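Quick note, the sequences are listed as chains A and B, same order. Numbered per the working numbering, the first sequence finishes at 91, counting up by one with no gaps. Numbered per the working numbering, the second sequence finishes at 383, counting up by one with no gaps.
One or more of the hints may lead you astray.
To be verified - What follows is a set of in silico ranges between Cβ atoms, one per label pair, in the way DEER data are often shown:
1. A:Asp-84 - B:Ile-289: 33 to 43 angstroms
2. A:Arg-8 - B:Ile-289: 28 to 38 angstroms
3. B:Arg-294 - A:Arg-10: 29 to 39 angstroms
4. B:Ile-289 - A:His-74: 54 to 64 angstroms
5. A:Gly-39 - B:Pro-141: 25 to 35 angstroms
6. B:Asp-252 - A:Gly-65: 42 to 52 angstroms
7. A:Arg-85 - B:Leu-329: 30 to 40 angstroms
Rather than coming from a laboratory, the hints here were simulated on the basis of the structure. Note that the structure is predicted; figures quoted are calculated from it, not measured. Glycine included, C-beta positions come from ideal geometry on N, C-alpha and C.
As a plain string of letters, each chain reads:
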Amino acid sequence: MGTLRVRTAPGVGVEVDAEVVYVAPLPDGPIMVLEGIAALIWTVSDGVERAAVAGFVAQATGEEVSAVRSHVDAFIDEMLDRRMLVQD
Amino acid sequence: MNDHETAIPLGVRLRLGRAAVQTIADRAGVDILHIKGDAVEPELRPLRRAGTDIDVLVRPTHVAAMDRALRAYGWTVYSSFANGSPFGHAQTYAHGMWGYVDVHRLFPGIGLEPGDAFTRLWRNRHTMEFAGTPCPVPARTEQATVLALNAARGRSDSLQDLRHVWFDAAADDRSRIESLVAELDARIAFDAAIGQLDRHRGKRDYRLWKAVSENGTRVEEWRGRVAAAPTLRLRVLILLKAPMVNVEHLGHELGRVPSRREIAREFFARPVRGLREARAKRRRPWGR
Numbered sequence: 004m005g006t007l008r009v010r011t012a013p014g015v016g017v018e019v020d021a022e023v024v025y026v027a028p029l030p031d032g033p034i035m036v037l038e039g040i041a042a043l044i045w046t047v048s049d050g051v052e053r054a055a056v057a058g059f060v061a062q063a064t065g066e067e068v069s070a071v072r073s074h075v076d077a078f079i080d081e082m083l084d085r086r087m088l089v090q091d
Numbered sequence: 096m097n098d099h100e101t102a103i104p105l106g107v108r109l110r111l112g113r114a115a116v117q118t119i120a121d122r123a124g125v126d127i128l129h130i131k132g133d134a135v136e137p138e139l140r141p142l143r144r145a146g147t148d149i150d151v152l153v154r155p156t157h158v159a160a161m162d163r164a165l166r167a168y169g170w171t172v173y174s175s176f177a178n179g180s181p182f183g184h185a186q187t188y189a190h191g192m193w194g195y196v197d198v199h200r201l202f203p204g205i206g207l208e209p210g211d212a213f214t215r216l217w218r219n220r221h222t223m224e225f226a227g228t229p230c231p232v233p234a235r236t237e238q239a240t241v242l243a244l245n246a247a248r249g250r251s252d253s254l255q256d257l258r259h260v261w262f263d264a265a266a267d268d269r270s271r272i273e274s275l276v277a278e279l280d281a282r283i284a285f286d287a288a289i290g291q292l293d294r295h296r297g298k299r300d301y302r303l304w305k306a307v308s309e310n311g312t313r314v315e316e317w318r319g320r321v322a323a324a325p326t327l328r329l330r331v332l333i334l335l336k337a338p339m340v341n342v343e344h345l346g347h348e349l350g351r352v353p354s355r356r357e358i359a360r361e362f363f364a365r366p367v368r369g370l371r372e373a374r375a376k377r378r379r380p381w382g383r
């Protein structure tokens, strides 16, 4: 699992506007709005090894990796369930 | 994170909408070119405006397939080719998520046969990404020409575009636009845009472009349509259609399907409105 990379799923549209990330499965939608920490996790995770994402988020927020890892994993799992992200 | 709870900025919705329309076109094997709004290269539109809807030009032989595909993905016809404009050039579809898309089967002012015109614009196409989806757009000179022809229809928001792509353009750019205008047989509309329509006085299309470029009355527009029709049969068809009520448009104004009584009332109100417009215009000799 450590070497799996996370990336935007094929057929998913992504737009970033004023630090907010808008994600939508195309062509039907709906548009999902990612703000704050969710937008940050999305932004740093694209094309990155899943195990490294928590480190980037911790660095950006000044938190300990151990403090953010469970939130990061929960977010990525939800995005995988919703088929907005894939890992391979 | 939330779904639908936060207002989506219009520009974001339109860019995602373009990607959605492109996805539908790709799945249906339809060739489309994204035009106007945020599909224009930023250097051609320094005062970047995203617009309020999505505009695409469809290869004319693919229009029926695009229509079927859009309907299959939940888009509904908002205004039809027949009732949208005097040129019958675009059909507007609405979608609860993405807003409106204007599907152009031709571009007003281009005299070249629509299929040949699309092929000419398609030949030098570029790609612009919307929401990560590659979308074909016309090349730079083609975009500038489309913006100029769009300004020929007298839209105030397109006058800035015209100034930038033509009046303030470098000599080389103007020369390339002139060549393309000739290739597309778009001289009269182009001259209407740059204020030289009178060079075409007496030509079949003159009155129509006079009416649309100078925001003429409905009566002037209908007269122009009749004069521009190439055959007697088309003239008769236009004359027969002139007094008909545009039920789609009336429905949009009312916000619901109009009743028979409302359609009848509109039928008798239209000639009166045409007369009022003509009178009002005579009182404003300086008006456009």
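Against the structure, the hints come out as follows:
1. The hinted range of 33 to 43 angstroms is not satisfied by Asp-84 (chain A) and Ile-289 (chain B), whose Cβ atoms lie roughly 56 angstroms apart.
2. Taking the beta carbon of each, Arg-8 (chain A) and Ile-289 (chain B) are about 54 angstroms apart, not inside 28 to 38 angstroms as hinted.
3. Taking the beta carbon of each, Arg-294 (chain B) and Arg-10 (chain A) are about 57 angstroms apart, not inside 29 to 39 angstroms as hinted.
4. A C-beta distance of roughly 59 angstroms is found between Ile-289 (chain B) and His-74 (chain A), which places it inside the suggested range of 54 to 64 angstroms.
5. With their beta carbons about 33 angstroms apart, Gly-39 (chain A) and Pro-141 (chain B) fall inside the hinted range of 25 to 35 angstroms.
6. Separation of Asp-252 (chain B) from Gly-65 (chain A) is about 46 angstroms and conforms to the stated range, judged on CB atoms against 42 to 52 angstroms.
7. Distance hint check for Arg-85 (chain A) and Leu-329 (chain B): the Cβ-Cβ separation is about 53 angstroms, which falls outside the suggested range of 30 to 40 angstroms.
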